[in-house]
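Novice: In the order they appear, the protein sequences are chains A and B. Our numbering puts the first sequence at residues 1 to 396. Our numbering puts the second sequence at residues 1 to 396.
For the record, the hints were derived by calculation from the structure and aren't laboratory data. Please read these numbers as outputs of a predicted model, since none were measured by experiment. Any given hint could be a false lead.
[Said to hold, decoys possible] Cβ-to-Cβ under 10 Å is the rule here; a few derived chain A residues that face chain B:
| hint | residue |
| --- | --- |
| 1 | Met1 |
| 2 | Pro62 |
| 3 | Ala63 |
| 4 | Thr125 |
| 5 | Tyr134 |
| 6 | Asp148 |
| 7 | Ile201 |
| 8 | Gln324 |
Note that the Cβ used here is the ideal one computed from N, Cα and C, for glycine as well.
2 protein chains.
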Amino acid sequence: MAPPRGFAYQEFEARTARAQAAMARRGVEGVLLTSEAEIRYFSGFHTLFWQSPTRPWFLYLPASGKPIAIIPEIGAALMRRGWLKDIRTWAAPCPKDDGISLLVDLLAPLAARGATLGLMMGHETHLHMPLADYQRLLEALPGLKLADVTGEVQALRWVKSPAEIAKIAHICGIAGQAFAQADALFHEGQPLDEAFAAFRIACLKLGADDVPYLVGGAAQGGYDDVISPPTAAPLRAGDVLMLDTGATFDGYFCDFDRNFAMARADDASRRAYDVLFAATEAGLDAARPGATCAAVFAAMQRVITRHSPDAGAVGRLGHGLGMQLTEQPSLAGFDTGILQENMVITLEPSLSYGAGRMMVHEENIVVQNGAPRLLSPRAPAALPIIGGRAIIGGRS
Amino acid sequence: MAPPRGFAYQEFEARTARAQAAMARRGVEGVLLTSEAEIRYFSGFHTLFWQSPTRPWFLYLPASGKPIAIIPEIGAALMRRGWLKDIRTWAAPCPKDDGISLLVDLLAPLAARGATLGLMMGHETHLHMPLADYQRLLEALPGLKLADVTGEVQALRWVKSPAEIAKIAHICGIAGQAFAQADALFHEGQPLDEAFAAFRIACLKLGADDVPYLVGGAAQGGYDDVISPPTAAPLRAGDVLMLDTGATFDGYFCDFDRNFAMARADDASRRAYDVLFAATEAGLDAARPGATCAAVFAAMQRVITRHSPDAGAVGRLGHGLGMQLTEQPSLAGFDTGILQENMVITLEPSLSYGAGRMMVHEENIVVQNGAPRLLSPRAPAALPIIGGRAIIGGRS
C-alpha cells in the first residue's frame, strides 16, 4: 500500500521553524535558496520541470513567517496549491531580468540595514542561477552581508520525518521486489540495455514513479566501472552483472544495487562478494545513534582491508539518502558527523580485485536505537546465480 | 532501427575546433566547463551519475589541442573509453579540495600572464561547483581575467550534426509511437498516475532509454497547469488529458505533448485545440533559415491572438532541443537569434481559455531549406477523443 503523496502542512511549518531557529543562532536574517531539493523541502513544490535549465527559481526564508516564493509564472498554479501564501512571479524566461528585480525589492531592506543573507556555498551545493545574475544581484544590494549556511540547511535534512521514511521505505520495497524478479528479468544473450529496460519497466509496474538513476555493468569475471550507461553487449555465462538503482516515489529515492553471476560465478567474484557482505554486516553493527560517520566508514573499511589488502581506497562507503540520490552526510574518513535516530543512509562498501575489476554492495537503512532498520531487503549472503540451476539441471 | 550510440571522434574534434575558433575571436585562452551537457558535448562523457550532487566535474578547453578532464576518480574508467587523453583525477568527495588544487595547477600559467579564462555565466547556465570553491579558485589565481562565453558555447550547440539529428529523430519516433497507442494506454476510471506509468512503460518497450520528463494534467473541460506530477485522480469523461514528454535516446531528448479528450470534448477545448493547431501551422510556415526566433514567435502569436484575444501572454512559444529538454534559442519576442539549417527546435504554442484553463501544443522540427522536417509525427488536426467511439457505438 503506497503512503499518501505530499505532506501535511505541519511538516513544512516544522521544517521552516527549525531553519529559522538555526538562522537566529547564526545571526542570519534571511536565506535565499535556488536549488530543487531545498526549494521543495520548504515549499512542497514538486515538478520535473527542473529538467529545463531555462528558468531560475527562488525561495526566500525570512527570519519568521512562511517562506516567500519568487518563481516563473509557469509555476504559479502548482505553487499556489501548496502551503505558501506569498508567491511573486514574473513572465520567464526574461534574460534581462529573470527575477532579479523581484529579489532586489525583497532584499533591499536587509541590505539597507547591513543585515546578513544566508546562501548555500559549500560542499554538495550549486548556485542554481546564472553567475552573472548573481553578481548583478549583489551589486544592486550594497551593504548586504553574506553567510554560507550550507551546514545549517543540510543538517535539517539529515534526520527524516516518519512521512519521509515511509516514502523511502516504499520505493526501497519496490526496487527490492524488482530485484527479486531477476531470474525472470535477466537472461544470457540479452543485450545489457534491454536488461536495464526490463528492470525499469518492472519498477514502474510495481509502482515506482520514475527510475532517474540506473547504472551498472556486466563483464566476464567482474565489471570495471559503476557509473556507465548500458551497452548493447549481450549477457554471457560468467559475467558478473550489477544494477544500481535510484528509483523514486513522490520525490524520494532509494539507492541500492544488486550483483548477480550469469550461469556461473568465478572464485574471485564470489570472494569479493563475501567480503562486501561481511563489510556491510560490520556497517550494520556500527551504525548506531552517536557513532560518527567516520567510525562507520572505518568499521566497513577494516573488513575490506583485512580480507582484501589490495582493495584500494575509495572516497566513501555510503551517504545520506532522501530527496536526492546522494545527500549529506558521507560515510568517509573526513566526515565527523554524528549519526542520529531517523537518519536514512546507505551502506555502500566497494573493493577492487583481480585485473581491474571492482564490486559494490549497497543497502539502505534507517538509524535507530539498536540494530538499524533495513529499508532495502538484505542482499543474499552469497553471490546469486541467474540461470545456473537450469544449466546444472541439464536438458535431459 | 536505432542509430548507433556515441559519436565518431571526428565529431568531438570538430566541436572542439569550432569552440577554439570562437575562443580565438574572443581573445579567450581557455574555457572551464562545469555542467553536464557541456562536458558531454566536448568529451562524450555520458552517465546518469550526475544525479548525485556530491562531486564536481570539470572540463578545460585549451586554446588548441584536446580538452582536458579534471574529474573524480570514480569517472576515470568511463572517461578513458572516450577520445580524451589528458584525464586528471582525485579521490572525491574531498570537501577540503574537490579538484581545486588540480585546477589551480592547470590555470596558474594563464593567471601568471594575465590571460583570460572563459566561463559560462549567462542565461540558462549554472556554475556546477560549490560557490565557495569557485571563490577559493579565483583567489588562488590572482591576475586571471574572466570572460562570459555563454553566447559562444551555446551557439555551438544550436546547429545539430546529422548524427545528433538521427538520435533526436529516433526518440521522437518512439514517443510518437507511444502516443499512437493512446487508445490502448488510457481509459476512463484510470488514475492519472497509472496513465503516466503506462505511457512511460510504452516508451521503454519501444526503445527509449529513459523518460526523465513526463508532466501534464487532466481535468474537466481543460487542465490548468502544465508542469505538475500526476495525481491519483481517475480520468473521467469530459476530461482533457495532456501528456508532455521528454524521453531520451543516447542522451538526446524529444520534447512534445499530445492532448486528448476523454469520451467527449467540450466546444471550448475543441476550439482551443484548433487555434493551437493553426498556430503550429503558422510556425511551420515561418521556421526557415534566416528567420529570427522572434519572427517565428510572432507568426504563432498572431494566430493565437486573432482567434483568442484573451489567450494571455507567455514567455515563449518554443525553444531549442537536443542534449537538454530545453536549450537555446527561445522562440520569444526577446530572442533576435537567426534560424539556421539543421537547428532542432520545438514549436510550442499555448493559450489560456475559459475559467483558468490552458492548452499547449508542441512539435519538434529540424530547420531546413523549405518546409521544416517534422521529427514528431504531426498531431491530429482535431482534438482526438479516447473511448468516445465505443460510447457512441453503444452497447447493443
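Novice: State for each hint whether it applies.
Specialist: We went through each hint and held it up to the structure:
Violation of the interface hint for Met1 (chain A) is found here, the shortest Cβ-Cβ separation to chain B being roughly 13 Å, above the 10 Å cut-off. A distance limit of 10 Å between C-beta atoms decides the matter here; for Pro62 (chain A) the minimum to chain B is near 22 Å, and the interface restraint is violated. Below 10 Å, beta-carbon pairs count as interface contacts, and Ala63 (chain A) has none with chain B, the closest being about 22 Å; its hint is therefore violated. With its C-beta approaching chain B no nearer than about 5 Å, Thr125 (chain A) sits inside the 10 Å limit, and its interface hint holds.
Below 10 Å, beta-carbon pairs count as interface contacts, and Tyr134 (chain A) has one with chain B at about 8 Å; its hint therefore holds. For Asp148 (chain A), the shortest C-beta to C-beta distance to chain B is roughly 6 Å, which falls under 10 Å, so the interface hint holds. A hinted interface residue such as Ile201 (chain A) counts as satisfied when its beta carbon comes closer than 10 Å to some beta carbon of chain B; here the least separation is about 5 Å, so the hint holds. Taking 10 Å as the C-beta cut-off, the interface hint given for Gln324 (chain A) holds, the closest approach to chain B being about 6 Å.
Hints 1, 2, 3 from the list above are not met by this structure, while the remaining hints are.
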